[in-house]
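Protein sequence lines correspond, in order, to chains A and B.
Mapped onto the working numbering, the consecutive letters of the first sequence carry residue numbers 5 to 320.
Mapped onto the working numbering, the consecutive letters of the second sequence carry residue numbers 3 to 477.
The hints are simulated quantities; they were obtained by calculation from the structure and are not laboratory data.
Some clues are possibly wrong.
[Claimed, not checked] Restricting the straight-line Cα-Cα distance to at most 30 Å, the calculated cross-link-like pairs of lysine-lysine (DSS-like) are:
(1) K247(A) / K287(A)
(2) K222(A) / K247(A)
(3) K115(A) / K422(B)
(4) K235(A) / K247(A)
(5) K177(A) / K351(B)
(6) K309(A) / K287(A)
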Amino acid sequence: MAVAINQFCAIFAAAMAIILGLLILRRLRAERSQSERAEVERRVTRSYLRRINNLSAPNDTSKSYRAARLDAVSHLSQLVRGSERDRLLSLIEADGLLDAVIASATRGSFKRRMTAVHLLEQFGGDRCVETLTDVMASETTGEVRITAAAALARLGRLPPPFQTISFLEMQGKTPNLLHLTLFRSLAVDHADVLREIAQQNTSPAFRSLLIEALGWCKDADMLPALAAWSKSPHVAERCATLKAAAHIGHPAVAPWVHALLADADPDVRALAIETASSLGLRKSLPAIRAMMSDPSRWVRVHAQKASLGFAAPVAA
Amino acid sequence: MTGGGLQAFGIWLILALAWTSFGVILIRNGIALLQLLIATYVFITRERPSERAQALWTRQADLAPGIAVIAPAFNEELWIVESVRALLALEYPSHEVIVVNDGSTDATLERLIQNFALVAVERHQVAELQHTRILGVYASMTFRNLMVIDKENGRKADAVNAGIGFAHTPLVCVIDSDSIIEPDGLLRATEPFMTDDGSLIAVGGAIRVVNGCDVKGGSLRRIAIPRRMLPRFQVVEYLRAFLTARVANAHLGSLLLISGAFGIFKRSLLVEIGGYRHDTVGEDFELVVRLHRHMRDRGEPYRIGFVPEIVCWTEAPETLLGLRNQRARWEQGALETLWRHRAILLRPKYGRIGLFALPHFVVEDVIGPPLELIGYLVIPAAYITGVLAPDVALAFLALTCLFGTALSIGTLALEETQLKRTPTAADLLRIGIAAVLENFGYRQANLLFRLVGMKRYLRSETGWSAVPRVGLAPE
Numbered sequence: 005m006a007v008a009i010n011q012f013c014a015i016f017a018a019a020m021a022i023i024l025g026l027l028i029l030r031r032l033r034a035e036r037s038q039s040e041r042a043e044v045e046r047r048v049t050r051s052y053l054r055r056i057n058n059l060s061a062p063n064d065t066s067k068s069y070r071a072a073r074l075d076a077v078s079h080l081s082q083l084v085r086g087s088e089r090d091r092l093l094s095l096i097e098a099d100g101l102l103d104a105v106i107a108s109a110t111r112g113s114f115k116r117r118m119t120a121v122h123l124l125e126q127f128g129g130d131r132c133v134e135t136l137t138d139v140m141a142s143e144t145t146g147e148v149r150i151t152a153a154a155a156l157a158r159l160g161r162l163p164p165p166f167q168t169i170s171f172l173e174m175q176g177k178t179p180n181l182l183h184l185t186l187f188r189s190l191a192v193d194h195a196d197v198l199r200e201i202a203q204q205n206t207s208p209a210f211r212s213l214l215i216e217a218l219g220w221c222k223d224a225d226m227l228p229a230l231a232a233w234s235k236s237p238h239v240a241e242r243c244a245t246l247k248a249a250a251h252i253g254h255p256a257v258a259p260w261v262h263a264l265l266a267d268a269d270p271d272v273r274a275l276a277i278e279t280a281s282s283l284g285l286r287k288s289l290p291a292i293r294a295m296m297s298d299p300s301r302w303v304r305v306h307a308q309k310a311s312l313g314f315a316a317p318v319a320a
Numbered sequence: 003m004t005g006g007g008l009q010a011f012g013i014w015l016i017l018a019l020a021w022t023s024f025g026v027i028l029i030r031n032g033i034a035l036l037q038l039l040i041a042t043y044v045f046i047t048r049e050r051p052s053e054r055a056q057a058l059w060t061r062q063a064d065l066a067p068g069i070a071v072i073a074p075a076f077n078e079e080l081w082i083v084e085s086v087r088a089l090l091a092l093e094y095p096s097h098e099v100i101v102v103n104d105g106s107t108d109a110t111l112e113r114l115i116q117n118f119a120l121v122a123v124e125r126h127q128v129a130e131l132q133h134t135r136i137l138g139v140y141a142s143m144t145f146r147n148l149m150v151i152d153k154e155n156g157r158k159a160d161a162v163n164a165g166i167g168f169a170h171t172p173l174v175c176v177i178d179s180d181s182i183i184e185p186d187g188l189l190r191a192t193e194p195f196m197t198d199d200g201s202l203i204a205v206g207g208a209i210r211v212v213n214g215c216d217v218k219g220g221s222l223r224r225i226a227i228p229r230r231m232l233p234r235f236q237v238v239e240y241l242r243a244f245l246t247a248r249v250a251n252a253h254l255g256s257l258l259l260i261s262g263a264f265g266i267f268k269r270s271l272l273v274e275i276g277g278y279r280h281d282t283v284g285e286d287f288e289l290v291v292r293l294h295r296h297m298r299d300r301g302e303p304y305r306i307g308f309v310p311e312i313v314c315w316t317e318a319p320e321t322l323l324g325l326r327n328q329r330a331r332w333e334q335g336a337l338e339t340l341w342r343h344r345a346i347l348l349r350p351k352y353g354r355i356g357l358f359a360l361p362h363f364v365v366e367d368v369i370g371p372p373l374e375l376i377g378y379l380v381i382p383a384a385y386i387t388g389v390l391a392p393d394v395a396l397a398f399l400a401l402t403c404l405f406g407t408a409l410s411i412g413t414l415a416l417e418e419t420q421l422k423r424t425p426t427a428a429d430l431l432r433i434g435i436a437a438v439l440e441n442f443g444y445r446q447a448n449l450l451f452r453l454v455g456m457k458r459y460l461r462s463e464t465g466w467s468a469v470p471r472v473g474l475a476p477e
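Please work from the sequences and hints to get the whole structure.
Written as structure tokens, this is what we have:
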């Protein structure tokens, strides 16, 4: 056994030393070509900037430049806006970079597919949206699907609610912050549908997400539904209506926000104080001041903060 | 007992100690190798982290949970203003900074008041977790997200508990007074909460040694490796600890330690368990073990995550005295925690924490150090006197020095392929050499320091042996 251990240790040490030696050599080579690489990146970036502005520029499409080009367009896509962005996207397509990214989104390792999804989001554009939707619908790994969905949400191109819920198999899953992103994105154009889904027989956690997201629709037609949910037996749902109310910012929410100041649950009361404060509901101030002797310390702290906030001079 | 009998007993004892030492070292190294392999797997298969904070910001800006960064401060007049400015400048959509002045005897509070336009305010705590008196609460007229708590001295745990009591945010980030957080450190460390189903209760991040780096204005400007060998050895150690052990343990759901230099926790849970304990010098280790115990007692699903990206830099001791104090304190803290939570050892109810993680700590921190030291004495003696075969003696040397070196180099290779934060090829070579040399003296010195910690634990010493700070000017 001792001999075997000695041999194993020696082989393991030798292997690690060789690997590190190779990595050092690789790094040395990279350092020596760093200035050259930096110049390539600068040249590529300058080329794209000129082409975005319809100026002539050299465009080296050789494979050796592909990594530099991808990096340059990835960076530029986060910096340019409007017509320049559209122009950049058309250049990305013309240079064949988009094909490579689209191909990576559906095959290869998990890491590669996720990188491709993020790049597609950065680029935007119809082909990217189409690919992201395909990934969301058919990708086998849940994490990649939801990342694609979140990307579509940020692009404002998420499939309609029922399709989104179906693609992501959301019913029966515990929702998370990313799911909230999705529904917020859908709330602007599909508020009626979200309200309809929330009114169906669904879990309180899922319904809470939908209720909160409705705050992003900024549609006063949702107010009666929110008012009804403010009386829900589930704490999470009552909290969600308060968050939605804070975001909608409509004066019609005042009565039931005020009513929730007297809720049985301390978390709801605290959130009601925060909501009343953010909406500037001065009529609730006496009730909030009275809550400075609330049995819950959490509520008392919020009441004190809100009272001070109301007392502070309003900026001109 | 006859002379011959005594001799036989002596030989038996030497052999027993030698083989026991050998066995324990074999187990420790086997576990370390397994951790390296698991960490390699995790790095290879995980999503590539965003290179630019801008991408993270775009994805998280309107979803990021509020965080209160709690920074305890004791006699920090020289650095406090810069440190707080750096904390306020962290890239995060909604964070507040709570500085807790823990009874400083210098001008720490005065400098804060002067430089951040602080005014005394009345604020009530959500929970009173500290044991000392709060002397005052200050808000800044220029930075709305800055709060300063002035309190009587009670050491770090007490200071952090005071800060937790004033936080309203869902998450708190607990740091050391000398922690330098990367500008996008909070963004990276909270990324796991984006897909959290409610079970994530804490996240740790990778920490590196800042010695030798260029630090200005409380922020890291240029990475460099230390010129002196002692902190350079610690660079290697930190890489091993954070890039292999913690990554592997987090992957297996058995992470027992989130460094006090940087950790993110759910505020409500910290309040529920009463915050940090005041009666241990290893409060960070004890807190995480208690969190595990609490959640398993409740029978609720939970996760403790780890972000292998570097989110924080911290100063390592530059002198042997400072290192001794630090390592002895860590050892003492580990023993205090293990003893306090001995009831969960080997109990199936506590799953892999009770059955694997904590027993591993016992092997690593209780049994391992003295036995390895005994091995250094006994095995050569046994070989010289002819009672132990040369192969076995060589195997001991191979396991302690050669295998240890290989693990360190393997970790370095992992860092180079996955994180690439070592500045140059020459620096990589220098750290590689340090990875070899640390096994000839430094490792053994650490074992001795751990014995000092054991002695302090057995004598129930409660003093906090400080580690002298040299400041962070470039070398």
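Here is what the structure says about each hint:
1. K247(A) / K287(A): holds, 19 Å
2. K222(A) / K247(A): holds, 13 Å
3. K115(A) / K422(B): holds, 18 Å
4. K235(A) / K247(A): Measuring from Cα to Cα gives roughly 14 Å; hence the hint holds.
5. K177(A) / K351(B): holds, 27 Å
6. K309(A) / K287(A): holds, 16 Å
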